Amino acid sequence: MATEFAFPDNAAKTEGAAQEFQTEKMSLAMGPSHPSTHGVLRLSLELDGEIVTSCDPVLGYLHRGDEKIAENMTYNQFVPYTDRLDYLAPLANNVAYALAVEKLAKLEVPARCQAIRVIVSELARVSAHLLGLGAYGIDVGAWSVFLYAFEEREKLYKLFEELTGARFTTSYTRIGGVARDVPEGWTGRVEAFCDQFLPILEEILSLLTRNKIFQDRTVDVGIISKADAIAYGLTGPNLRGSGVGLDLRKDRPYSGYDQYEFDVPVGSKGDCYDRYLCRGEEMRQSVRIIRQAIKKFPSGAWYNEEAKKIFAPQKAKVLSSMEELINNFMIVTEGPQMPAGEVYFEAEVPKGLLGFFIESKGGGVPYRMKIRSPSFCNLSILPKVCQGNLVSDVVSILGSLDFVMGECDR
Amino acid sequence: MTATADVTAALQSKFSQVTPRPSGDHPAINLPASEVLAVLKYLRDELAYDFLVDITAVDWGVEATPRFTVIWHLLSTTDHQYVRLAMDCASNSEPVAPTATGLWPAANWHERETYDLLGVKFAEHPDLRRILMWDGYPYHPLRKDFPLAGIEVPLPDIEVADLTGASAKPAPMMGGPFVASTGEMNLTDAEPRAKDESWTEFREKPASE
Numbered sequence: 001m002a003t004e005f006a007f008p009d010n011a012a013k014t015e016g017a018a019q020e021f022q023t024e025k026m027s028l029a030m031g032p033s034h035p036s037t038h039g040v041l042r043l044s045l046e047l048d049g050e051i052v053t054s055c056d057p058v059l060g061y062l063h064r065g066d067e068k069i070a071e072n073m074t075y076n077q078f079v080p081y082t083d084r085l086d087y088l089a090p091l092a093n094n095v096a097y098a099l100a101v102e103k104l105a106k107l108e109v110p111a112r113c114q115a116i117r118v119i120v121s122e123l124a125r126v127s128a129h130l131l132g133l134g135a136y137g138i139d140v141g142a143w144s145v146f147l148y149a150f151e152e153r154e155k156l157y158k159l160f161e162e163l164t165g166a167r168f169t170t171s172y173t174r175i176g177g178v179a180r181d182v183p184e185g186w187t188g189r190v191e192a193f194c195d196q197f198l199p200i201l202e203e204i205l206s207l208l209t210r211n212k213i214f215q216d217r218t219v220d221v222g223i224i225s226k227a228d229a230i231a232y233g234l235t236g237p238n239l240r241g242s243g244v245g246l247d248l249r250k251d252r253p254y255s256g257y258d259q260y261e262f263d264v265p266v267g268s269k270g271d272c273y274d275r276y277l278c279r280g281e282e283m284r285q286s287v288r289i290i291r292q293a294i295k296k297f298p299s300g301a302w303y304n305e306e307a308k309k310i311f312a313p314q315k316a317k318v319l320s321s322m323e324e325l326i327n328n329f330m331i332v333t334e335g336p337q338m339p340a341g342e343v344y345f346e347a348e349v350p351k352g353l354l355g356f357f358i359e360s361k362g363g364g365v366p367y368r369m370k371i372r373s374p375s376f377c378n379l380s381i382l383p384k385v386c387q388g389n390l391v392s393d394v395v396s397i398l399g400s401l402d403f404v405m406g407e408c409d410r
Numbered sequence: 001m002t003a004t005a006d007v008t009a010a011l012q013s014k015f016s017q018v019t020p021r022p023s024g025d026h027p028a029i030n031l032p033a034s035e036v037l038a039v040l041k042y043l044r045d046e047l048a049y050d051f052l053v054d055i056t057a058v059d060w061g062v063e064a065t066p067r068f069t070v071i072w073h074l075l076s077t078t079d080h081q082y083v084r085l086a087m088d089c090a091s092n093s094e095p096v097a098p099t100a101t102g103l104w105p106a107a108n109w110h111e112r113e114t115y116d117l118l119g120v121k122f123a124e125h126p127d128l129r130r131i132l133m134w135d136g137y138p139y140h141p142l143r144k145d146f147p148l149a150g151i152e153v154p155l156p157d158i159e160v161a162d163l164t165g166a167s168a169k170p171a172p173m174m175g176g177p178f179v180a181s182t183g184e185m186n187l188t189d190a191e192p193r194a195k196d197e198s199w200t201e202f203r204e205k206p207a208s209e
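So the protein lines, in turn, are chains S and P.
Quick note: the first sequence uses the working numbering, first residue 1, plus one each step.
Quick note: the second sequence uses the working numbering, first residue 1, plus one each step.
Fair warning: there could be bad hints in the mix.
To be verified - Residues on chain P that point at chain S, a partial pick, calculated with CB under 7 Å: (1) Asp54; (2) Trp104; (3) Leu148.
Claimed, not checked - Subject to a maximum C-alpha distance of 35 Å in a straight line, what follows is the list of computed DSBU-like cross-link-like pairs (lysine-lysine): (4) S:Lys155 - S:Lys212; (5) S:Lys106 - P:Lys144; (6) S:Lys103 - P:Lys41; (7) S:Lys250 - P:Lys14.
Claimed, not checked - If the Cβ cut is set under 10 Å, some of the chain S residues that face chain P in the computed set are: (8) Lys68; (9) Lys103; (10) Leu104; (11) Leu353; (12) Ser360; (13) Tyr367; (14) Arg372.
These are computed hints drawn from the structure, not numbers from a lab.
On a predicted model such as this, the values are computed, not experimentally measured, just so you know.
Ideal Cβ placement from N, Cα and C applies to all residues, glycine included.
All chains should be modelled from the sequences, with the hints used to inform the complete structure.
As structure tokens, then:
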């Protein structure tokens, strides 16, 4: 015979408890040195249990006053500072900055220089996305992705070192050209990298794409609608993950991007998983672009030879010709001479649109330079997208937005 | 209607106080504060400039009038054209601009940054706090009268400041960015040196103004 159990009235009990105990919201400071905030971002969270009820990002821990510094030095002197914006893709920043100043000077660089810039930008994109994926893997509990990704990054760093002399802070571009021509056989080694990289990329992505745990952490988490993505000024893979196919390499081609065939991946839902998929596909497309650029790699000058008051002459000429010596001295001390005016230029860097607004009164120093950093804009949606999610989902969302504080705080 | 290269003419026919602005690249206009919001809304809804790229300001120097100019950049995600809007602030001491947060949530952080670094206030902004410098920081560092090295201020954390007696000191500028001065001057003055104050252990920094 079944025993009859008498259960206490749960609803009444809860009500009684609610009267006895006051529940209140908890505030939690996540960061500034939290592994998932990828640098020094602090999120001031307000929690109801484990649900985020409000999120207030606190920035500025890495603010160095780059814009103020830019007003106080010549255009070429600022190139090393651009390395330190998105320090995961310094080459892409170098290129974006050089293009912005060249736009002010109304300067065109020769085809070879353009091709070099495209190759290094795309290599930088691969390297930045690899780190983005690796770090995202760790954020959601997949360690091994990081190790595979870093092995590939190491190979890229070897290529960067051979080209620029530095692994990390490359400072490779100059106004009107690049610091030096590609070394003998370098393009061949880039191609060899691409050949071995594609199968490894598939391997890396296969660790995540069909991974049940990864999908549980990312699918339908942190959904950003198309309208929101535009309204909040998201750019790069975060915008494209939400289904907006804006890619300035395609839409406003610069540096000869129009000669290359590539596809712009867009997401369908705008969740963390879509943003991840976009980054994965962008790496494949970058390899495609690099291969085409190497195939068509033009010969000729790698800097603008007409820009005598802008691009510093070669060392051998400086040592043998009086005029070139004077020229070199003037460019180093007074800076490359620019016309007055204002320009705005944005380039598609790995994190999104990196823009430079330059207000010039002429001469070698910008009067005002505003840096529009993609990470800054991408993070501004956090208060909206984090609200109503679990704390553990905040980690997933942060990783999927793939930001860099060096660029955000400037 | 779509974004056109002739956006300046389209705006001028619609808004009487809009004037073309010299620009090195994209179409640019000058407009008064009273028309900013109407023009932004018109650009967004009628001319497909649906993407707010950037808001910033320029400080033209302590003696200049108008001293501050606020600048907006918009992009069309369908036609991929930019447009630049510029508005001179009426007051040099208390510059104010209208807020675009009602049109684009993205404006929120851009306006906070502009307020933080240049001290331009955005009227009716819902949350005009500093964003890069800490709350309670007394200066606006991107203004032209603010020195590159910085000005000594107390640490943001009062407890730490009391305990250690430390403060946020200006950066020593020796070895800093070297820039030659241009114009009529003797060779010694024109020599490349740190453009802002340069002081060393032998030459004391002058007391901050």
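Structure-based check of all given hints:
no.: 1; hint: Asp54; verdict: 4 Å, holds
no.: 2; hint: Trp104; verdict: 6 Å, holds
no.: 3; hint: Leu148; verdict: 5 Å, holds
no.: 4; hint: S:Lys155 - S:Lys212; verdict: 30 Å, holds
no.: 5; hint: S:Lys106 - P:Lys144; verdict: 27 Å, holds
no.: 6; hint: S:Lys103 - P:Lys41; verdict: 29 Å, holds
no.: 7; hint: S:Lys250 - P:Lys14; verdict: 32 Å, holds
no.: 8; hint: Lys68; verdict: 6 Å, holds
no.: 9; hint: Lys103; verdict: 6 Å, holds
no.: 10; hint: Leu104; verdict: 6 Å, holds
no.: 11; hint: Leu353; verdict: 7 Å, holds
no.: 12; hint: Ser360; verdict: 8 Å, holds
no.: 13; hint: Tyr367; verdict: 8 Å, holds
no.: 14; hint: Arg372; verdict: 4 Å, holds
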